[in-house]
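A.B. asks: With the hints as constraints, model all of the structure from the sequences given.
Residue numbers (the working numbering), protein chains in the order written: chain A, 23 to 271; chain B, 246 to 432.
Each pair of labels, with its calculated beta carbon distance range:
hint, chain 1, residue 1, chain 2, residue 2, range
1, A, Ala204, B, Arg313, 41 to 49 Å
2, B, Ala277, A, Gly170, 42 to 50 Å
3, B, Phe272, A, Leu80, 37 to 45 Å
4, B, Phe272, A, Leu148, 21 to 29 Å
5, A, Leu35, B, Phe272, 18 to 26 Å
6, B, Asp318, A, Glu183, 44 to 52 Å
Since the hints were derived computationally from the structure, they do not count as laboratory data.
Even for Gly, the Cβ is constructed at its ideal location relative to N, Cα and C.
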Amino acid sequence: MADPIHQFEIVNLVPLFKVGSTEFAITNSAVFMFTAVVLTALLMLGTTLGRQLVPGRLQSMAEVTYEFVADMIRSTAGEEGLRFFPFVFSLFAFVTFANVLGIIPYTFTVTSQIIVTATLALLVFLTVIGYGLYSHGLGFFRLFVPHGIPGYILPFVVLIEIVSFLSRPVSHSVRLFANMLAGHITLKVFAGFVAGLGTLGAVGWAGATLPLIMVVALTALELLVAFLQAYVFTLLTCIYLADALHPGH
Amino acid sequence: MAQEPQAITPTQAITEHTPATEHGGGFPPFDAQTFPSQLIWLAICFALLYLMVSKAVLPRVSGILAARRAKIDSDLADAARLKGDADAAVASYEKALAAARERAHAIATETREKLTAESEAHRKAVEAELADKLHAAEAQIAAGKTKAMANVRGIAVDAASAIVARLADKAPTAGAVDAAVDKALQR
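C.D. replies: Pasting the structure below:
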C-alpha cells in the first residue's frame, strides 16, 4: 500500500564520508537542490545567450521573471530594496523550482523539509537584523516603536511588535513547509485510493476513476500552490527587508 | 461532482494513512539525523545559486534591458529629430509656395496694369486721331458751307437783279440789290 509519508524520506544515493555517526552522502534532496540551480541557470542564462534586442519566447521568460522579482522588490521596499535583488531573486528561483519540481511524480520536494525552509527563513531574518543594525545602528530598534501610540499602552505595543518580529521566521518557514507537505500528502492519499481500488476488479476500476480525477485536479491546484507559495515566500522576504531599509515605518 | 463524497470519505483517508505514519518510524521531515547533510547541501547549492545570480544572471538580463531601453530612447530621439526636419521642410515648402503665389499674383497684376495702360494709350491715340479727323471734316464742312452760302448770295443777287429787271424793266443798282439781299438773308 502506498505510504503518503515515504516521499519525504531522505535517501542516500552516493555515500561520501562520515563524521562521527553522521553520514554525508549525495542525497535525493541534494540532487533536486542542484536541479533547481541548474534549471535557474537554464532559464536565466541559457535563454539569454543571444542577448537579442527583440527577445524571443525563451528570452522573454527570463526577462519576465527578472521584471517580476524586480517589481516585487520596488513595490514593497522601494528602489533601495534593489540592493537585495540577487538575494531575493535567488530565493525566488530556488523555492519556485523546488516547489514545481516536486509536483512531477517520483521527484523529491526540497521545500517539504522544515530544515530547508527554516534555514532560508532564518537567512532572511538574520539579513534583516544584520543589515538593519549595520545601516541604522540602534535606530533599527525604532522598528518596534510605532508612531502615534499613547504612552500608557506603548510598552504593550512594543512587546507585541517584538514578539511578532521574533515569530516571523517561524511563520515564514512553516507556511511554505506545511503547504508543500500537506499538498503532497493529499496527492499521495488520493493516488493511493486509485491503486487500492484498482485491485478490486471491475467495480474497483470504475470507483478508481473518481480519485484519479481528483488527483489530476489536485495536481493542477498544487501547481498553483507551488507558484503561489514561492511568490508569498519572496514577497514576505521583501516586506521584511523593507523593515531593515526603513525601520521608522 | 454528485459522487464526490464517495471519493473523499474521511474515514477512508484516516485508515489509509494513520498506520502508515506509525510504522514508518518517525516523520522524515522532523528526522534530525538528516539535518546536517541537508544543511550542507543547501548551503552549497544556495551559495552557488547566489553567486550565479549576482555575477551572471542579473548583470546579463539588466544589460539586455538597458540596451533595449537605450535603443528605444535613441530611436525615439531619431524619430523626433526626423519629424522636426520634416516639419521644417514642410514649413519652408509652404513659405516658398506662398512667395511664388505672391510673385505670380504680382506679375499678373503688373501685366494687367501694363496691358490696361497700353490699351488706354492706344484708345486715346485713336480718339485723338478721330477727333482731329472730325475737326478737319467740320472745318471742311464749314468751309464748304461758307463757300456755298457765298454762292447762294451771288445767285440771290443775280436772281434778284434779273427779277427786278424783268418786273421793273429797269436794272437796279448793284448796291441796292446787295443791301436788299443782305437784309433778306438776315432773316
